[in-house]
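Student: Now for the letters of each chain:
Number of protein chains: 2
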Amino acid sequence: MRVLQERILKDGRIYPDNILKVDSFLNHQVDASLLKEIGLEFRKLYEGTEVTKILTIEASGIGIAAFTADAFGCPMLFAKKTQTKNISSEVYTAKVMSYTHGKVYDIIVSKEFLHKGDKVLIVDDFLANGAALEGLISLVKQAGATLVGCGIVIEKGFQGGGDRLRSQGVRVESLAIIDEMTDTSLQFRQ
Amino acid sequence: MRVLQERILKDGRIYPDNILKVDSFLNHQVDASLLKEIGLEFRKLYEGTEVTKILTIEASGIGIAAFTADAFGCPMLFAKKTQTKNISSEVYTAKVMSYTHGKVYDIIVSKEFLHKGDKVLIVDDFLANGAALEGLISLVKQAGATLVGCGIVIEKGFQGGGDRLRSQGVRVESLAIIDEMTDTSLQFRQ
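Chains P and C, in that order, are what the protein sequence lines are.
The first sequence begins at 24 in our numbering and counts up one residue at a time.
The second sequence begins at 24 in our numbering and counts up one residue at a time.
Keep in mind that the hints were calculated from the coordinates and are not lab data.
Remember, it's a predicted structure, so these values are computed and weren't measured experimentally.
Check each hint, because a few of them may be wrong.
Put simply, identical chains are the same to the list, so a pair is met inside one copy or across any two.
Keeping only pairs whose Cα atoms sit at most 20 Å apart, straight-line, the calculated SDA-like set for lysine to any residue is [said to hold, decoys possible]:
(1) Lys44 x Glu113
(2) Lys67 x Ser56
(3) Lys104 x Gly125
(4) Lys67 x Leu170
(5) Lys126 x Leu198
Whenever a hint applies, use it, and build me the whole structure from the sequences.
Tutor: As structure tokens, this is what we get:
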């Protein structure tokens with residue numbers, strides 16, 4: 024997605040340990056008009072498929088999922104990272120290792136909102152090692168729902184999670200794939 | 024907002040301790056088309072004001088803020104609940120008591136994204152005792168930005184936070200205000 028790649032080059036900032044910060048437009052301050060375009064782009068990429076639910080994980084996936092759900096005309100569902108008092112105990116759950124925060128956490132969705140008949144598109148802001156995505160895919164499988172595919176805004180191709188999932192037969196569409204990253208530059212996959 | 028009140032009556036569920044669950048359409052599974060209407064409604068309510076930034080708090084405020092930002096044609100910014108490795112140490116911060124989770128947490132926004140010149144509309148899904156909103160207002164004040172007002176989807180009027188803020192001169196627009204709630208019924212403010 025050209026407008027996204029240009030935006031990453033313009034406003035993204037690279038930090039040591041392969042950290043790409045896009046918090047001026049994607050995951051802290053958020054450019055809603057870009058999110059809207061991202062939602063429409065996912066719609067276009069998955070044209071011809073039937074999608075009944077957009078699934079993501081809090082927090083930075085939510086805005087993307089909301090606009091994607093609007094583009095598809097279906098609801099979205101966000102997995103939560105800890106069990107709160109206010110959520111039903113009837114949940115599907117998976118463990119996810121967060122390399123960013125250096126800990127394992129549980130993700131949950133209520134069984135009420137993910138069903139056998141659902142055709143699910145998973146979306147998220149980043150895909151690196153694939154841990155969060157595998158957790159979300161596990162929730163879809165537990166529900167007996169069908170995974171249509173994944174829509175990722177920025178994939179760190181050099182960390183291998185996306186290609187590993189593709190080799191397992193999961194459809195993964197990423198709007199920008201970064202194949203090389205140094206402390207001062209990055210290179211997109213063609 | 025009539026469509027919202029009807030939706031609350033249709034799909035909301037009441038639990039003991041004044042808990043209203045709207046997780047089938049607002050804060051777990053999310054009806055994106057309703058969120059879009061909510062964003063447009065806030066735009067209408069704040070017509071004639073200048074807004075340069077929508078501010079909310081993760082997680083359930085994000086979808087609302089994204090569509091509101093789209094309606095206003097400005098960016099949105101979501102406060103985070105804990106300090107992560109990937110966020111600048113240059114942050115504004117406030118302490119918020121969560122009665123839902125029974126603990127105090129820090130909320131932060133990067134100083135980069137909230138400025139003296141900003142005219143801020145704060146949005147959130149719920150307003151009960153007002154603790155989260157007061158935390159967000161504190162961030163706006165720390166930045167020296169101007170608070171235009173608050174846009175709330177569901178206000179629990181009987182918990183008093185909204186009226187306390189209004190009596191302090193804060194403009195609070197809530198799309199549904201619940202003034203009475205029993206274990207089986209709820210009553211909206213006219």
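Student: Indicate, hint by hint, whether the structure satisfies it.
Tutor: Each hint, compared with the structure:
1. Lys44 x Glu113: Answer is between: at 14 Å across copies they meet the 20 Å cutoff, but 36 Å inside does not.
2. Lys67 x Ser56: Answer is both; intra-copy 17 Å and inter-copy 19 Å each pass.
3. Lys104 x Gly125: Both: 14 Å inside a copy, 17 Å across copies.
4. Lys67 x Leu170: So Lys67 and Leu170 pass the 20 Å test inside one copy only (17 Å; across, 39 Å).
5. Lys126 x Leu198: Cα proximity of Lys126 and Leu198: none, with 28 Å in one copy and 39 Å across.
Going down the numbered hints, you'll see the structure goes against just number 5.
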